[in-house]
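Sequences are here, hints too, so could you generate the full structure?
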Amino acid sequence: MSAQENKATAEAAYRAFSEGDAAGAMQNMDDGVIWNVRGDNSVSGAYHGKEEIGELWAKFGEKGIKTEPHDFVADGDKVVVLTTVTLDGEQTEAADVLTYNGEGKLVQFDQIGDPATGNRVFAR
Numbered sequence: 005m006s007a008q009e010n011k012a013t014a015e016a017a018y019r020a021f022s023e024g025d026a027a028g029a030m031q032n033m034d035d036g037v038i039w040n041v042r043g044d045n046s047v048s049g050a051y052h053g054k055e056e057i058g059e060l061w062a063k064f065g066e067k068g069i070k071t072e073p074h075d076f077v078a079d080g081d082k083v084v085v086l087t088t089v090t091l092d093g094e095q096t097e098a099a100d101v102l103t104y105n106g107e108g109k110l111v112q113f114d115q116i117g118d119p120a121t122g123n124r125v126f127a128r
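Count along the sequence shown from 1, then add 4; that gives the number in this note's numbering.
Read the hints as simulated data drawn from the structure, not as lab findings.
Be a bit skeptical, because a hint or two may be false.
[Unchecked claim] Taking lysine-lysine and the DSS-like style, the derived pairs with C-alpha atoms no more than 27 Å apart in a straight line are: (1) K54 with K109; (2) K82 with K70; (3) K70 with K109; (4) K109 with K63; (5) K54 with K82; (6) K82 with K109; (7) K54 with K67; (8) K54 with K70.
[Unchecked claim] Each pair of labels, with its calculated beta carbon distance range: (9) K63 with Q8: 27 to 37 Å; (10) Q8 with S46: 33 to 43 Å; (11) A7 with A62: 28 to 38 Å.
Predicted model only: the values in this text are computed from it and were never measured.
Where is the CB? At the ideal position from N, CA and C, for every residue including glycine.
Okay, structure coming up:
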């Protein structure tokens, strides 16, 4: 898939997520997708597959997660999404790095940003 097709896929996934449509947000995830959560907290680590990611998203949902993407930058197999994240009432800026395979399926997600909010909200 082209960078622009991956960008359109990412935009659709973020739109679905913001509407509470987890199935729609996961529609273009590879079955072996890896979702990395940075920081030193109770949800830090690597999540493998849609089931584990769904469980992670449920934990985020309990803390009122909201993500508002404002820029999508695509190049090759990567889409970088600059977003304002609200978690438990705290806002922070982050850059999400999404990696797609040749079939246009998300194979890896990494969030780059200050993990302080996540560390406070999900303290060990």
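Evaluated hints:
Between K54 and K109 the alpha-carbon distance is near 12 Å, which keeps this suggested pair within the 27 Å criterion. With a C-alpha separation of about 23 Å, the suggested pair K82 and K70 falls inside the 27 Å cut-off, and the hint holds. With a C-alpha separation of about 23 Å, the suggested pair K70 and K109 falls inside the 27 Å cut-off, and the hint holds. Under the criterion of a C-alpha separation no larger than 27 Å, the hint pairing K109 with K63 is consistent with the structure, at around 24 Å.
Between K54 and K82 the alpha-carbon distance is near 20 Å, which keeps this suggested pair within the 27 Å criterion. Restraint check for K82 and K109: satisfied, since their Cα atoms lie roughly 11 Å apart, inside the 27 Å limit. Between the alpha carbons of K54 and K67 the distance comes to roughly 20 Å, so the proposed pair stays at or under 27 Å and holds. Distance restraint check for K54 and K70: the Cα-Cα separation of roughly 19 Å lies within the 27 Å cut-off, and the hinted pair is therefore satisfied.
Separation of K63 from Q8 is about 33 Å and conforms to the stated range, judged on CB atoms against 27 to 37 Å. The supplied range of 33 to 43 Å is met by Q8 and S46, whose beta-carbon atoms lie about 38 Å from each other. With their beta carbons about 31 Å apart, A7 and A62 fall inside the hinted range of 28 to 38 Å.
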